[in-house]
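Peer 1: Going line by line, the protein sequences match chains A and B.
Counting from 11, one number per residue, gives the positions in the first sequence under the working numbering.
Counting from 11, one number per residue, gives the positions in the second sequence under the working numbering.
In case anyone wonders, no lab produced these hints; they're calculated from the structure.
Just so you know, not all the hints are guaranteed correct.
If chains are identical, the list can't say which one is meant, so a pair holds when it fits in one copy or spans any two.
Subject to a maximum C-alpha distance of 20 Å in a straight line, what follows is the list of computed EDC-like cross-link-like pairs (lysine to aspartate or glutamate) [what the hints assert, rightly or not]:
1) Lys189 with Glu79
2) Lys13 with Glu24
3) Lys189 with Glu346
So you can see what is in the structure, the chains are spelled out below.
2 protein chains.
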Amino acid sequence: MIKRTGSYTIKFCEPPVILGYGAVAGKKESEGPLGKCFRKIYYDSRAGQKTWEKAEARFQQDAFMMALEKSGKRTEDIDYMFAGDLLNQLISSSYSMRSFDIPYLGQYGACSTMAQGLIMSSMSICGGAAKVAGVVTSSHFCTAERQYRYPLEYGGIRTQTAQWTVTASGSVVLANGSKGIGVRHATVGKIVDKGVTDINNMGAAMAPAAFDTIVKFFKDTATSPDDYDRIYTGDLGQVGTDVLHELMMTEGYDISNVHRDCGLMIFDREKQDVHAGGSGCGCGASVLCSKILSDMENGKLSNVLFIATGALMSPTANQQGESIPSVAHLVHLSIEN
Amino acid sequence: MIKRTGSYTIKFCEPPVILGYGAVAGKKESEGPLGKCFRKIYYDSRAGQKTWEKAEARFQQDAFMMALEKSGKRTEDIDYMFAGDLLNQLISSSYSMRSFDIPYLGQYGACSTMAQGLIMSSMSICGGAAKVAGVVTSSHFCTAERQYRYPLEYGGIRTQTAQWTVTASGSVVLANGSKGIGVRHATVGKIVDKGVTDINNMGAAMAPAAFDTIVKFFKDTATSPDDYDRIYTGDLGQVGTDVLHELMMTEGYDISNVHRDCGLMIFDREKQDVHAGGSGCGCGASVLCSKILSDMENGKLSNVLFIATGALMSPTANQQGESIPSVAHLVHLSIEN
Chain A
11 MIKRTGSYTI KFCEPPVILG YGAVAGKKES EGPLGKCFRK IYYDSRAGQK TWEKAEARFQ
71 QDAFMMALEK SGKRTEDIDY MFAGDLLNQL ISSSYSMRSF DIPYLGQYGA CSTMAQGLIM
131 SSMSICGGAA KVAGVVTSSH FCTAERQYRY PLEYGGIRTQ TAQWTVTASG SVVLANGSKG
191 IGVRHATVGK IVDKGVTDIN NMGAAMAPAA FDTIVKFFKD TATSPDDYDR IYTGDLGQVG
251 TDVLHELMMT EGYDISNVHR DCGLMIFDRE KQDVHAGGSG CGCGASVLCS KILSDMENGK
311 LSNVLFIATG ALMSPTANQQ GESIPSVAHL VHLSIEN
Chain B
11 MIKRTGSYTI KFCEPPVILG YGAVAGKKES EGPLGKCFRK IYYDSRAGQK TWEKAEARFQ
71 QDAFMMALEK SGKRTEDIDY MFAGDLLNQL ISSSYSMRSF DIPYLGQYGA CSTMAQGLIM
131 SSMSICGGAA KVAGVVTSSH FCTAERQYRY PLEYGGIRTQ TAQWTVTASG SVVLANGSKG
191 IGVRHATVGK IVDKGVTDIN NMGAAMAPAA FDTIVKFFKD TATSPDDYDR IYTGDLGQVG
251 TDVLHELMMT EGYDISNVHR DCGLMIFDRE KQDVHAGGSG CGCGASVLCS KILSDMENGK
311 LSNVLFIATG ALMSPTANQQ GESIPSVAHL VHLSIEN
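Construct all of the structure, not just a fragment, from the sequences and the given hints.
Peer 2: What follows is the structure, given as structure tokens:
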């Protein structure tokens, strides 16, 4: 059963449990602080495929197969697959899922897609529509750069506020269950647009959306940052992180000690020339499906908020002078005994 | 409560009810057989906006406001908005929903998005996550042509199998209820790809997906075409319709009498030069939210299947030699007393 708690938050009364998870990453990610956490690394950006787009679909398949294997389930057990990515028409997802005989529901929340997928799959399980559901998302530096910015061969200079799209995929398999890492609450965000038009500063565009959703969650659940072991955001980077901390203080919440941003965790900004940090659907997803869930499984963390933010921008809209609409979805994960 | 029926179908035990619906269409659609069914027509393809993309967002806002007004609900009553369209990064949806303070979940199923949205909103309501939810989708001939095919100014010649993207939007508002048009069953489709690579023949690519989903539904519910007043598909057009009828016969189902395709209903193929028929997210959505739901409300129809199909193709994937992955989602609507 699912109950509404406050105005925006839902409570999964019997929390769906994460049975399996897996993350695949690229070479640059393997050289970062979390390199040892990823269970599979592709040192070739094409992952043996003819194009980067096909490689990204391959990343998704691998991540899903890892999550599935760990879950002990088979593809025919999966009632729904919630998948999404950054590419036009979500081609990484539809081409990766084409080879599986699984009902498919494409999700688009830009970099918030992993949180959105967790929410949709938990809703489907806890509401009775599914027994087992899967989520997969991905991003790839080379596919994203040429779609959103410039052909890589052009060698455009990146601004200091720009983030580096992570080449990675993360996947989870969830089911009804009583023990393990449970999805206990969720808050779906509204679209927030504070008028930022600089597509090289997505952190600043997304931070107000994260702020809006996190504050709603705290108020709906009458909790505060101290109630959680960690509060993770997906990929605000350094600029967005600074903005978020400042905004949270205006509501009296100091999250600076407990907050970590996956975009800052995945790369070493001193050594890796990624400017403001990592970004992309695959950033939050791959950090969640390696470091975070592993730390929860190993008892290091037991009560965690995961907020993934998405900049819902498009090059077409940007060229037409539009600002960047952003969204943030929150998932509360806790160990169920 | 939601119960699984057979291997792929779900039953909404207390069917969510469609409280309001609305459709907005363009000039060409107003000149077709359903012209009088649309409650609002824009004779200007830019709908008073500076660009076609902004116009498409405006279409969505208008359709949603109509559905909301008819539902008797206010924006603050809507717990979730499930929205999607054909444009890269779903900009019609994110820009249309930016002005509302409603939690937003972007859905991408190409032309299947209205059925997907109905399923997701019904799941959220029947599972307890939402009391009231909305769905909106749209398409626009001018935005779709320049994104998927050629700049309109180029004047490319269209093949006879090509379909004409409908300029329209449809929206529904659903809630818990005991009387009215209820969402009783749903079947989420898997990705089906029979190797069609011709992006000017989407009907042929999508028909096998519709076939797969409809047959699963009939088997799961132990029903047959005769049990329904009408079986509507979203936008198979003439080519896809012929293929679907033939495929259904291979399983012993003759749907030729009871089946109608929204892509064939919305235009007069003799007079309107649309070749194989209409297509686009806005096609099935606007026909559903005008003619079909109105006929149900007026007692002409009481038991209807609505199957929206999506060709999940992308110009990038097509240029890389990929075939067109397709998907079809089914919704069973019935009058609840």
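Peer 1: Could you work out which of the previously given hints the structure breaks and list their numbers from low to high?
Peer 2: Hint check: nothing fails, all pass.
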